[in-house]
Amino acid sequence: MSDLAMTEEPSRGDSSEGVPRISVVVPVFNEQRNIAPLLAALGEALADIPGGFEIVAVNDGSRDGSLAALIEGAKAHPQLRIVDFRRNFGQTAALMAGIDHAVGEIVVLIDADLQNDPRDIPMLVEKLGEGFDVVSGWRRDRKDARLSRNFPSQVANGMISWISGVRLHDYGCTLKAYRADVLKGVRLYGEMHRFIPIYAHWMGGQVTELPVRHHARQFGRSNYGLERILKVLLDLVVVKFLDRYLVKPIYIFGGFAALSLMGSVAALAVMIGLKVFAGVSMISTPLPLLTAMMFLVGVLSLLMGLLAEITVRTYFEAQNRRHYLVRKLYNFPDGP
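Residue numbers for the sequence shown follow our numbering, beginning at 588 and rising by one.
It should be emphasised that the hints constitute simulated quantities derived from the structure, not laboratory data. Note that the structure is predicted; figures quoted are calculated from it, not measured. Glycine included, each C-beta is placed from N, C-alpha and C at the ideal position. Be aware that a few hints might be false.
[Said to hold, decoys possible] Computed cross-link-like contacts, DSSO-like style, restricted to lysine-lysine with a CA-CA straight-line distance of at most 30 Å:
hint, residue 1, residue 2
1, Lys818, Lys771
2, Lys730, Lys714
3, Lys827, Lys771
4, Lys818, Lys730
5, Lys835, Lys862
6, Lys827, Lys714
7, Lys835, Lys771
8, Lys862, Lys827
[To be verified] Label pairs and their computed distance ranges (CB to CB):
hint, residue 1, residue 2, range
9, Gly718, Ala879, 46 to 52 Å
10, Arg831, Gly860, 33 to 39 Å
11, Ser871, Val824, 54 to 60 Å
When you get a sec, could you build the whole thing from the sequences and use the hints?
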């Protein structure tokens, strides 16, 4: 994500206007014809929400006139902030940049293709007021191709819910509302933006979902393909690994090392047994090679686990970070 440092800081507007309560983050990639109606719909939907709002649009290296449309839209919508990437970095990077530049106490993510309905945002924000930290949209009546989009999405959502333990019907729906504090410290890579509710749940946040409207795409074409499912599942493996073993990687490396060493011992025992009781020559079977390979793999896995332990300690101590999070302190004296 270091490439994001190349983007310039967006103007925050007149400080006398105060800090907006809600920040709406919109990743934009080749959505020129959708910009004007989206901004109009957002302005109408958010006009009556107390505390004010801002729209943080991130132009993710669009090759059409999306940036020009955003700049033109800023003339009519003073709440619009624009982050312009030097090139295309992907949706996750765009959302991360938008979150980094958002200042509201509530952050709402929404796609720019008008398939999400801005009129659902007040409903999500109101649900946060019931004590939730994340409210995820659920496209229950999804207007996409049934076989190429809906069915694979259902399978992926089921696998993600099963592996993560966070039961949501629609991880792929970008329309979600977050309390800004649950996003602190979250760094996203790959296709991991859809896993923010999992991060929040693991950190003690309350997660729920609400059915939202979904519309067929009117302009442009989808930038998603079936290959994204594989990327999502691989990212899920990474997320699960980081949750379980980031602080103690020796557990997974050491466990695999133990299995390999036990397999080596078992192969050695079988090899000796065949020699003693059946008179089978050791070199006439693949057991000597299997014994040596499994022993070597076990030793290497153990050494990798030790290196991973050193790396984790360097990661936390070099940045003065802790492997725990404190929600709030009570009855502590004020300190520097």
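Could you work out which earlier hints the structure fails to respect and list their numbers in ascending sequence?
When the structure is compared with the hints, numbers 5, 8, 9 and 11 turn out to be violated.
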